[in-house]
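Below are the chains, spelled out letter by letter.
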Amino acid sequence: MFKLIIRRLFLGLLTLLAITVLVFLGTEILPGDVAQAILGQSATPETVAALREKLGLNAPPWERYFTWLGNILAGDLGNSLANGVPVDRIVGQRIVNTINLALYATVIALPLSLLLGLLSAAWPEGTFDRMTSSTTVFFISIPDFVIAIVLIIIFARELGWFPSVVHRPRWGDVPVALGQTFLPMLTLVLSILAHIIRMTRAAVLDVLKQPYIEMALLKGAPKSRIIIRHAIPNALGPIANVVALNLAYLVSGVVIVEVIFTYPGLGRLMVDSVIFRDLPLIQVAALVFCGFYVALNITADVTAIMANPRLRFAK
Amino acid sequence: MTRFAGRTRSKRARPRPDGWAWAGIVTVAAGLLLAVAGPWLAPHEVGAIISESHFEAPGVNTVLGTDMLGRDILSRLLYGARMTVGVALAATVLGFLIGMAAGFSAAEIKGRYDDFMLWLADMMLSFPPLLLALIIIASLSSSLPVLICTIAVLHASRVARVSRAVAMNIAALEFVEVARARGESLVSILVREIWPSTIRPLAVEFGLRLTYSILFLSSLSFLGLGIQPPDADWGSMVRENLNALQTGTYLAVLLPAFSIAILTVGVNLIVDWLGAQSGRSISEELTG
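If you're matching them up, the sequences are chains W and D in order. Going by the numbering used here, the first residue of the first sequence is number 1, and it counts up by one from there. Going by the numbering used here, the first residue of the second sequence is number 1, and it counts up by one from there.
The set of hints was computed from the structure by calculation and includes no laboratory data. Among these hints, one or two may not hold up.
As the list claims (entries may be wrong) - Some chain W residues near chain D, calculated using beta-carbon distances under 8 Å:
1) Leu17
2) Ile19
3) Val137
4) Ser141
5) Pro143
6) Leu151
7) Arg157
8) Val259
9) Cys290
10) Gly291
Using N, Cα and C, we set each Cβ at its ideal position, and we do this for glycine too.
Modelling step: build the complete structure from the supplied sequences, incorporating the hints.
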């Protein structure tokens, strides 16, 4: 088992490395002459050449890559092109905001979706299952921003219960912050709920098809006991896998939600910096997001390995 | 015997669409029709400012009202249909061409080449899609070719995995063996022997990928990184009219938003119907 897990961790590390190469290519090599971009079109060729020398742009690409990677690993993230502020000062609070929002959504979405998924699996093709099934198809099919807009119109504009913009979430005062970020949270919940419900249902139904469940049924065990004692423990692995995958999905969901609600998180920062081509900011935001994404995917695979006896004892 | 087998197979192959499937088929057909004919049906040019009042109510001078610059919403929706459907379709088809070429050849050639292709696909699948797109757009700027290629690349790795799995089974069949013995070229084996047998299993995947294209393109446009003004697709129309939410004239936002939703729900209804036959479900879309 440890061999498999270590192999998976190693692969994850390789992926991270590949991501740094991609980010470097996308933000340092492809956009063209950074010196020219900083100085503007009116700069004389001499000043551009001088700045190129100063920034080390004349070195071969692979050498620049290692210098760049070394700087980032050492915590030197560079300055924003827009206002010259060090990137780590801009990014810090943004990361905290994004994590808080994602956690809020997770805490609400997980128990709710697991319960609904279990209930659908308990009576497959029953009224409840049919209802959740058609509702989830609907929610999987529509974009997150459409969900957000409908929520804003109903709860912010018509009913006036919650704000539709969150310029300054006050996470120091939790009850206030939970109200402020209620609509962004609800959007995220609705966008992952359907996936988790459907996959939980599939995982539990898969277990219910096994011979030992039939055995329990023939012994006369009541349905509740079969599901709680026999089905759930064996479906936990696949379900944990689903959960980690969905949290990874939150990584992109949160970008869109932050833009709609003008929430000061890392996602909106990333989109703004892509629009204004503030390359140092893009690099850091992209690396942080990708890091989370890769970490969650590894978690998904490792839980799957640990939960499956066949993989657990694989050579 | 063969006749009997043939009959049962064709019966199972074409179960009648139920009510929901018909709704999906009609929706998608309407979307395709609008994509082709939209710009001709539009009463005004896409960028034409036809009214001095912003967010004008429907029925005053126009059928569906005006947007934040006083442009005709109906005309922009019709032009937008071509962008949304056209780009999504182009990206999906391109992604399938790349993915199927990689997947089929991996299944046929096997060995080191297969290992390499699998590794490449897994590597690409471990990138977060939206972030990958943002990095590409940050470095190359947003344009139609960049958008189509970006979305196609995102599809290609998953399509490659699926088509490889499907083609593996077919490449082992006798008629492909015969074709090899006949000395058919690799391209001929892939295109003439393997491809025709994979159309049905891959149809579900195509539907899933098409939905994903539409959602992804709309999201990029909504973020301001997709279709650029003066052109419009439904996602960018939602973005530019967001102020309407503050003024209480929701129609300018809701019309393009619901257009996207209706189209993707329509595609997924067909996918669900096709998937019910092959035992796949749309929740598998998640992993893409």
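Evaluation of the provided hints:
Residue-level restraint check for Leu17 (chain W) is violated (minimum Cβ-Cβ distance to chain D is 11 Å; threshold 8 Å). Restraint check, Ile19 (chain W) versus chain D: the minimum CB separation of about 7 Å is within 8 Å; hint holds. Here the hint on Val137 (chain W) is kept, as its CB sits about 6 Å from the closest CB of chain D, short of 8 Å. Against a cut-off of 8 Å between C-beta atoms, the interface hint on Ser141 (chain W) holds, since the closest Cβ of chain D lies about 4 Å away.
For Pro143 (chain W), the shortest C-beta to C-beta distance to chain D is roughly 5 Å, which falls under 8 Å, so the interface hint holds. Interface hint status for Leu151 (chain W): violated, as the beta-carbon distance to the closest one in chain D is roughly 11 Å, over 8 Å. Interface hint at Arg157 (chain W): satisfied, since its Cβ lies 6 Å from the closest Cβ of chain D, which is below the 8 Å cut-off. Taking 8 Å as the C-beta cut-off, the interface hint given for Val259 (chain W) holds, the closest approach to chain D being about 6 Å.
Using the Cβ-Cβ criterion of 8 Å, the hint placing Cys290 (chain W) at the interface with chain D is satisfied: the shortest such distance is roughly 6 Å. With 8 Å as the threshold, the beta carbon of Gly291 (chain W) stays out of range of chain D, its nearest partner Cβ sitting at about 10 Å, so the hint is violated.
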